Each structure stands twice: as structure tokens, then as C-alpha cells.
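> Okay, here's what each chain looks like letter by letter:
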Amino acid sequence: MRLGLPRFGIYSNLLKRFIEGLGIEVIMPAKITREMINLGAANSADMICFPAKYTLGQEIWALERGATDLVMFSSCGICRLKHYHQIQELTLRDLGYQFTMNVVTKKNIPSTIRKWGHLSHFEAYRRMKRVYTEIKEVEARTYRFLPERPLKIGIVGEIGTALEPDINFDIVRKLQRLGANVDMSITITDYLNESTEKGSKEDIKEAKSLLSQELGGHGFQSIVNTIFYGKQGFDGVLHVMPLSCSPEATVETIVDYVAGKYQIPLYRFCFDESSFEVGFTTRLETFISMLKRKKDKKQCQQS
Amino acid sequence: MPTILGVDCGSVSIKFALIRDGYIQARVYLRNTGLIPTIKEGLKQLPKADIKGVGITGSGKEFVASLMGADYLDSEIIAHVTATQKEYPSVATILDIGGEDSKLMLIKDGILSGFQMNKDCGGGTGSMIETIATRLGVKIEDVGSVALESQGPANLAGKCGIFCQSAAVSELSKGRPVKDILMGVCRALVGNYLGVLAKGKKLLPPVVFQGATALNSALVKCFEDSLGSPILVPEDCSYMGAIGIALLTEESMNGRATKFRGVKEVVSADYRTEIGYCDDCPNHCELLSLYCDGELLARSGSRCEKKNL
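In the order they appear, the protein sequences are chains X and R. Residues in the first sequence are numbered consecutively from 1, following the numbering used here. Residues in the second sequence are numbered consecutively from 1, following the numbering used here.
None of these hints come from the bench; they were simulated from the model. In this text, all values refer to a predicted model and were calculated from it rather than measured experimentally. A couple of the hints might just be wrong.
[Claimed, not checked] Here are the simulated DSBU-like cross-link-like pairs (lysine-lysine), alpha carbons at most 35 angstroms apart as the crow flies: (1) X:261 / R:108; (2) X:297 / R:108; (3) X:231 / R:201; (4) R:139 / X:261; (5) X:174 / R:259; (6) R:306 / X:294; (7) R:202 / X:201; (8) X:231 / R:86; (9) R:199 / X:292; (10) R:202 / X:261; (11) R:202 / X:231.
Hey, can you work out the whole structure from these sequences and the hints?
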């Protein structure tokens, strides 16, 4: 089995090594390039969410390099992520590729690992525990707070866009270089632990009063986490989402409202295949510059 | 106090402002016909002065900074706010419509508290009026005075500049007078601006409107009608970015020696650019190299920054 695996941000190499440890050859691009994005966009419906396009592009890339199997995550939730594997399978078959599509959900991760690696329950558990520790270490390293960076920024929004540096133009490293500590509201460990809401019970209650229905994705979490960052005295919040992401687009106005209520500056970035880096960097730099000025002024007034 | 040069290199035009003691000594406005020739032309047109500091803002700031040497770079939003606050200390809202982008800045207690720039599309920016005015045979400078004579403006949609132009042309073939169409375009543009940027925000007075489009009196009137408050237009509305960055540079210099290469040197130098690709990783970053008299001056575009100079 030669498995075509789409990239997943800072976890890509970890996941690749983990699956290779099960005795499976993994074909994974070293970067999501412009060509892969264009390839995916050309073969997708125009208004499908952006992650569906860039994962499709990587799948085509892997199939061209001899992948026999593909893997796609399904949320089994409410948003369109649950349809990705079906739509992509149909599209790729129409393009004439032969392959098996493996669907991974949160529930069948252990059984998939046992099947792929022919492992016992105990051995599978042991390996999962080890990779989980490694994932935690990577997260701690990437999002560590350094005292020389004066600002604290929280990132809320859609998980794929927030965690994939090739798509969000490396927002975390750019922010850190500009002098801001970054707190990522949704990480993989949070997701696996079902603790994607950072706020307290009261924050969740407040968010529920603003949005009573299930939306899927991490729309609800964006509201809770914005409230959390506001209460914790963060300097700003960045809301990142792919274009036409239904949960995030739905909560847009609610996030604006809570940001206004807790007086925390907010900026929103929408990513798709036509986003360009210069425009993004200009806006990001301006946002950070604004927050720094604000902080300096506050400190002047206090002293 | 030394003389400071501020340069705002926008997509459509490049603005130069010379500042001394916070007062404007000279200003030059040029159409952007390629960065290198326009910068040279602008420096030639400026009066002779002993420039002790250079600040650069706008979308092409890094490139221009490596071209002429600069002491201070900042984003155009910060520059605009600085210049406006100097002229109107109590300003609360700044509207700015440039050639290919539009910005909204909100100021609370004397500091910038929020800003918004157009993100996905350039509809509702100055280029739209210019294109349609050219199509209707009206000079861009005259749009304001022509449109203000209108009694019954046409109802046009302003989301997409090209569709707006189609609607304008079909109104024209129906026999609608040009002044009504132009007023309709101005209204559509203001509606689009407020819909895209000011969504859910309170635009409190005093409101300042700037950018070269603020010279268009019809647009000013449309904003006044929609916001219900008087709109202030600074005298140097097209130069605010250049003035702001010069003021910021003046503040940050503190007697440092300038990195500016000198007017004569920049004007007489032979600049050449070269585009290449880095093949070290699958990103294939586009590298832009700038040569000055055959010598490599700067290189940019490498995402991992290892090949940047």
C-alpha cells in the first residue's frame, strides 16, 4: 500500500513518520505549492470550501506519483467536511484514477491503526500514546510564549486554515517575528480531548445565548474563544477562515459583537486560491502596529 | 530641524512630501508608470533641500526602500492616521479611498482603535470611477462638478466595477444624461464602501475623507447624505500618506544619520531588475533582484528569507 496523505501543518512530518512506522509507504508533498492549489481549484466546484480544494490538489499530486490509497478525514458533523471524501472520490474517479479511499473519523482512528499495522490493541495504544506526546511537544514548541515579545494574540477560526502555514501564509511565525506571542485556540490535542472551547462554563453559557443551534465546524468555539481572549486581556484576536466556510461565515457577526463587548481588537482574514501574500502581510503588519501603539499609550498613561 | 522626505508609493500614484518642523515645504504627485522612473522623476521635481531622513509607506515600500535607502517604513494606515490627527486632533473616523484599495479607520481617545481594508475585491475604489468616466468621455477631474448638477441620479449597483459600467452604458443608451449616471456611480461607490467596510460599525463625527478621490465633490456629498454628518476634506488630501510617514520619520530620527543615498545619486544611477526562481524547495519562490550600476543591491521574495539581501 502506498498511501497519499495530505499535509496537516506542523503535524505533517510527525504523522508521516507515525504511519511509516506501521510499515506503510507514505507519499506526502513537502509543501502545499501554488500548483497543487490551482490543480485542486480547477477540479472543484467554485464555491466549495477552500480546504476541499487544496486537499484535492495534494491527492492528485500523490496519485500522479503512484499512490494506491488515499486517506481523508471525516468529521461526521454538520459542516461540509463530512462530504469531502465522497466528493473527492467521485471527482478523482471521473479523472480516471484507480485508488482506495480510506475514511478516518475520530472514532475509528484506533481500529484503522490496528488494521494498517497489524498490531495488537496494546501495541496500537502504546504507539498512539507516544505520538500524542510528540504532538504535544511540537505544539508547546511552536506556540511557546517568550517574554521579549510584547503582545499577546489569540487565533480563532477554522482548524485547517489556522493550522496550515502553507495556506495562511505562515501567520504564526509572521506574528512571532513581529513581536507577538500567539495562542492557537484550536489545536489537535484540544480536538482529540474534546476541549476546543477554552472559556469557562459561563463563557460557554454566554455563547449559547448568542447561538443556540449546532453549526458544525468550529463556529461555536470561535465565539467562546473570543470571549475567553477578551476576558483574559489579550491584545487582539485574529479570526481566520477559508472562503465560503459556512460555520465561520455564520458566526462572523456574533464574533464581531463579542469582540466589541469585551473591547478586544479583531481582524478577519479570509483565505482562498486568489489570496495574495503582499496584501495579507500589509494588513497583518498594520494590525500589529496598531496594537503596539495602543499598548504603548496605555503604559504611558499608567506611568 | 532637518528636512524629511516622505514617499507614499501607491498602486496608481506616487506622492512625495518634504517636511520641515512639521510643516509641508513641497509636494509632488505623479502617476505610477513603473516605480524606478517615477521615483527618479519625483526626486528631480522636488526643490533642492538637504534631506536628513526618508520615510516610505505604501504597497511598494520595501522595493523603494532598497532603491533609495530609507530610515523608516510603516504601513499606510498608521501614516494616514498620523497626518490626519495633526490636522484634526479630534478626528474619530477617517475614510480613505485610493486608486485600488479603500480603507476605513476608527479612532478612539486619540489612538487608532480599529481599521478595515477591502479584502477580496477592488470594486468600489477610485479606479472604478475613472474607468466609467473615461468610458463616458468625462475627465476624472471634472466628474465631481458634472455629477453635482444632477437632479435625478441613476440607480446603479456598485459591487462589481465592470457590471456597474455595463449598467452605466445601458443607462446611457436609454438617453440618460451623463451627469445623472455619474452621480449614480458615485452613490453606488459610497454604498459599496459603507456596505463592505463599515458593516456593523458606528462612524462617529468628526469624519475626515481623504485620498485623491476626496477631490471629487460629488463623492463628498454622497458621503454627507449617507452619514448625515458634515465631512471634512483636508487641503492635502492626496498627500496624507506621504505627510504622515514624513512626520513619523521626523519623530523617530533622533539625530541618527540618514540611510538615504542622495538625490543626485539615485537620479543618475542605472537600476536594473531581474526575476529569478529559487529551486531549493518545492515552494519555488520568485526572487526579485535589484542591481544598481551592475552591482547587486537587494534581493527579496524568498519566503524562508535565506536568499533575501
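> Now look at each hint and say whether the structure bears it out.
These are the hints, each one checked on the structure:
no., hint, in the structure
1, X:261 / R:108, "holds, 15 angstroms"
2, X:297 / R:108, "holds, 12 angstroms"
3, X:231 / R:201, "holds, 22 angstroms"
4, R:139 / X:261, "violated, 46 angstroms"
5, X:174 / R:259, "holds, 26 angstroms"
6, R:306 / X:294, "holds, 33 angstroms"
7, R:202 / X:201, "holds, 31 angstroms"
8, X:231 / R:86, "holds, 34 angstroms"
9, R:199 / X:292, "holds, 25 angstroms"
10, R:202 / X:261, "holds, 14 angstroms"
11, R:202 / X:231, "holds, 23 angstroms"
Hint 4 alone, counting from the list given before, is not met by this structure.
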